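Undergrad: From the two separate chains plus the hints, produce the assembled complex.
Chain residues, written in single-letter form:
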Amino acid sequence: MDQRNSSSSTPANAPSFASTMIDAHPLAFTGSGGEYFRVWIVNVLLSIVTLGLYTPWARRRTAQYFYGHTQVAGSPLEFTAPQGKMVKGFVLLVLITLAYNIAANTGQDLAVALFLLAGAVLAPFIWASAMRFRLSATRWRGLRLQFAATWREVYAASWPVFALALVWFGVFLGLQVVTPEAVLNEETGRKMPQITATMVALVALGLVLSVLCFIRLEFNYSSLLVLRSRLGQEPGRWKPVYLDFVRIWGATALVFLLSVVALSALIGLVVGSGWMSLGRSPQLGMWLFVLIALAFVGGLLALFLASAPARAYREARMFQLLWDNIGVSQVARFKCDLGTGGYVWLRIRNLLLTLLTLGLYRPFARVSEYRMKTESVTLHVKGGVDQVAGTLVRQQDGGLGDALADAAGLDLIG
Amino acid sequence: MKASQEFTVAPGDLLPGRWFDGRSSQARPVLVGLQPTPRGPSLLLHPLAPPGEAPTVLRHAQVGWPETWSAQRPPPRVVVDLREHGSLEVDAVSEWQAALAAAGARPGLAQHMQTRWSVLLAVLLAAAIGLLLFYRYGTPWAATQLTRWVPMGWETAMADQGLQEMDDGLLKPSKLAPERQAQLRARFDALAQQIPPALHRYTHYAPQWTLEFRAGMGANAFALPGGRVVMTDGLVQAAARQGLGDEALVGVLAHEIGHVVHRHTTRMVVEQGVLQMGLGLALGDVSGILSTGSALLTGLHYRRSHEREADCFALGLMRHAALPTAPMGTLLLAIARDEDEDDKKQEKDGARSAPPGKHGSPEAAHPIWSLLSSHPDTVERASALQQGQAPHCPQ
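Here the protein sequences come in this chain order: F and L. When we follow the numbering used here, the leftmost residue of the first sequence carries the number 1, and every step to the right adds one. When we follow the numbering used here, the leftmost residue of the second sequence carries the number 415, and every step to the right adds one.
If we strip away everything but chain L, and leave its shape as in the complex, we get (with noise of 0.2 angstroms):
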């Protein structure tokens, strides 16, 4: 080699180290250099003794190079790991990262990041961007397209489970005369039959139909994955009251229709699951609280973006049929109007429910609780449906 020459030409670039081959804790006394490779900067062992021992040389990479952890502050000294060739380790730190940065040495973005403020802001900037971007847009994106891929069986068998739960705690048979159920189902089984091409979200998902009524969680319905469709004896009592049609009862139905052509549970399932898993590995190191918090803020946001969607699904579908929406939009108001008077029922994990404003007042809501509430502001949600359009309803 030309070592010999190099210690002579440019003794500048050499720099003391010990190196440890491995065989033994006791270090060699050696001369450092770096000589710049197209692929980075090799390093070259000149071994102190035996006198006249030939210089060792380890391509780039064989040579497992330490990050630079600050641009003020050397450590005492370095370590730089040579694999199975061992260690070595250098004392002149800034000299050593003077000679590789010579040597033409490309550190990565971490180190980047790492020893200049000017980066780590942008980096920083630039992450707080497309973390938003990603979950406003790509995961639920993503969860769509995913979607696509659930076979049918699943989403039955988790309906019917979902199902069986809610019968053992919260729901009971209903006291619905059977007359009025019947009547009730074939105004559903017409309006799903009606459903127009264009309001289909998957092509070939083909839901069993059905409904079915329930008595307790008051005046609420909900959509199974699967097509099933259950309404509670509160709710009808709720449109009786209030003097409204079966127009209102119809357009809830065409809510809970919406939810299962759009397959809004298995969607959020899939959502949940990349919200917490990200979020967990994302923002778990700064704070259980901060990663669990905005995972929850987030997916409440899905929440609401599906229940505009079924609402938009419920206008398009009710102008199809030529129904009008505004008796549902007054039913809504009117439950939201009772529920604030009584107590607030929760609604149970997994099934969704359409007309209750759940959280606050049917007044319009301060920005920060309508970030906590599971539906859009429900006078907002009446006024489009009394009108029979909604401004973010794609035409």
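Extracted from the complex, chain F is given alone in its bound form (with noise of 0.2 angstroms):
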């Protein structure tokens, strides 16, 4: 509080949070998907000219047009990546790609080692160096967004990895105990490893261990960034618990049986029929050999299909509870009203016809989701938008640590 502007309107010696004006700005998305799909085409045609050069700006520009529309509290978010520092993050990312598939594909077995062991270690600092170069990319009302986590701390929150080796670690070692001594089976002359019911119970730890380490891991993370992200001199502020994490994921997980309980009777009512009058065709040999390539390539749709309502409400339900329960120090607090149901609704809406379009609906997919998301947070500030001092931020290093991230598909636009 005593950092603020002292030419700010606002009373400074506010006592609380609620006895102060609030002003409720809900966010707005000003974009239209027609404009974002010419900015999308000209990118596509530009990459293709460039045989995938164009890359970087392609994303500035996609970046550009998302945050530029973006507006809070009046006034729209800016994205001043340097361009320069994109160009090169991107460059050494192909440089990187290149020289691990020449490894993989002539062999050497030990270099390929050592790029995927790098790969493992340098994770949580590649993702956090993206962090800190997309926050400080980020600029509304003149101040810069900021990621102050030391090192330390990101590496700190990162225990769930280790975690999770050291209980696979264990499940094997247990495992060496309770095994018994295999048995001469009389038929086939074999040893047959016998599988107890203490061996399946120890695995299944080992497996809901290993869930609650990935959701541990996710928690650290979220919590870590909104938590050392400062706007000007004001850092961020976190209230949801692990508990709630662990919630969302058993919800989800739910959902994802009951989809697939719904896409496996929808699939046995048509391949059922199917079946019946293929049987009256006399080519049956022919038919079977497309029937078997098709359920193959049907199959890995069918996961994808059925996986699509989980993924869309697990991402629902973590906006909502993300983004009701964060806020800018004492200044700021988002609220967010997302329907669960109606956003399912349009991801799986906008799946289909990307797939029916060949993929030429994504972009208006895509702005029809920013938008339904960006709609749904309304913004309460307390005493005004123009009190928040600034401190001296400079753009970051990390353009490499940006690439690598939106390489690994954690993409610039949420």
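No wet-lab data here; the hints were simulated from the structure. Computed from a predicted model, the values in this text were never measured in an experiment. Take these hints with a grain of salt, some might be off.
Unchecked claim - To give an idea of the interface, some chain L residues facing chain F are shown, with a C-beta separation under 7 angstroms as derived from the structure: (1) W483; (2) A541; (3) G687.
To be verified - To be clear about the criterion: a stretch of chain L counts as covered by chain F if any three or more of its residues have a C-beta under 8 angstroms from a C-beta of chain F, and this derived list gives those stretches: (4) 435-448; (5) 462-473; (6) 487-495; (7) 542-553; (8) 579-593; (9) 598-604.
Claimed, not checked - So the derived label-pair ranges between C-beta atoms look like this: (10) F/E218 to L/D582: 39 to 49 angstroms; (11) F/E218 to L/T617: 50 to 60 angstroms; (12) L/A515 to F/M21: 40 to 50 angstroms; (13) L/G552 to F/V91: 12 to 22 angstroms; (14) F/L254 to L/S532: 32 to 42 angstroms.
Quick reminder that beta carbons are idealized off the backbone N, C-alpha and C, glycines included.
TA: Printed below as a string of structure tokens:
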């Protein structure tokens, strides 16, 4: 509170959040699907013409389109990452990928193992450097965001990874203890290992613990990101607890099971009736071959489709949890009224339309999802939006981390 | 500065704006002017308060100019990136865009494509043609050149590993009589010694020629990089069944030698790398199906052209050795007919096979199916071999 700008019109000695004037500013997205389609098709075309080298420019244009059309309390966000740093990061990424591919294709196993090991050890570092880069490239009313976590904090937050390794080490050790002697099978003459209930229970315990570790990792990273982010001199606020995350993941698993059951019932119905008509067909042999090929492709597609509602559900619930429970020090709170059912439905509709149009619907899908999420958030500010004092924040290095995170699927536009 | 003169002389050029200098979230009201300079417009900020403060001038390169996304629909406001000077919000977007154009702003290609359909369509056309040319001619050419720098050691390591994997899986030791093996090996060695200099693709490339025999994988032969050629018992038996002389088998060996001389396996590795990365980057954002699909189809096209190249090499080498190629064509057709009746065998990745037309029947294939084939149409190949010349071969 003492860091307030003295020229602010708000009383500087406000005692608590509730007692001062609070303005509500719903976030707005002023872009449109058709317009973003143009942005996207230009990016795709220039990427083709330049054999993919346009990628960093394309990413910057995309980020600038979405940021520039996101109005927070009447002021658009700004994406100010220097193009040069993004290009440098991208070129480094391409060189690393090339080196890895050459090593993998020519059977240099030691080099490949070293690459993978370095990737695993450096993953927290890469994540943090990407976040540093992205947050410091985000500006609102002239103030840069900043990710101020130290490397120590980042690696400390990664403890679930090491716990995971310990869990599986324990499981394998335990398995060796509880496994009974292999008995000789009379018929085959081979020694058959026996599987006991204790062994199954042990592996199941290992799986449950691993899932809990993954959730903990996600929780740690999310909370670190919010708590160590700063707008000017104001740090982020974070309320969710670990159990909130576990609950959402549990519900997501339930949604996944339900959609698998529903989809299998649907497939069973279609395939069942198709089988009946095939029975009368004279060219059964050829059809069978086509059918097996279709079943393989269809199986992959079915898994993708069955997980779609669960993925959308998790994203919606997580978005609600975060944007209902974070804020900026004592200055601002976010509230979110995203409808879970509506968002899941939108995602399924978008997925089907994108598949049907061979990907051409993607930009429209992206805009509609971004719009629904953005416009569900309301910013509540105590004492006016012009009171936050800035600090000297420079654009951070970390273009490589940003490019790597992007390649790993951590998109700039969430 | 002559900024005050500007203010009085051309008030229409000044637009109201809010300047955030980065020291707080509070805005300073300013009037914004754009001045043409040789390098593009420069930006003038006249603070309205306190009165009498000097205007700030920012050169063209000191400003991140926002892109115009739509010619018809301006956004409610634009933000101009002033780098370390903070940012500037302007509400009168249309006027801002007009003033920028009047001050001589030269938008880039991306913005032209963004705001004009004609430019977008022109680039679309250029991209389609460019993509076709690049993947049709550029990548194979680049792979051919890059392969010059691939050392022999890599090729032999790759070959050892590939053959080891196949020996563990699909292949078994040959049951062919040692005398017969020695007979064919002598023909193979003689053939490899006869390669005329004109047929050498890489001048300093000296493979270690060896012929090996294996059982399994039906009637087949394949070349490994570095000079190792493998022939299956099935192929020798198929030739015997057809009553064909050793010329048919020698022809197949010439084809395999062609794969080695042209270093097709190494070139394929390079081509696949370029394809997957290039198309993944270019089309990956449209859809994975599209990018993998086109990478797959283009890869198959490269394989077919490699097969044609090896056929041409075989024709050339056999002509040089004064041996007929017609028996090889007959063998090819016979195997394709047999395979059509039997189950189709899959071929192992990384190695290549010569004779069988793997996909479809020996009758002329439909053009759509030929796109999905790793080998050119069998009938076409066989008739070219029976005539002893092919229209697509360089003379």
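Undergrad: Could you tell me which of the hints above the structure violates, numbers in ascending order?
TA: 5, 8, 9 and 14
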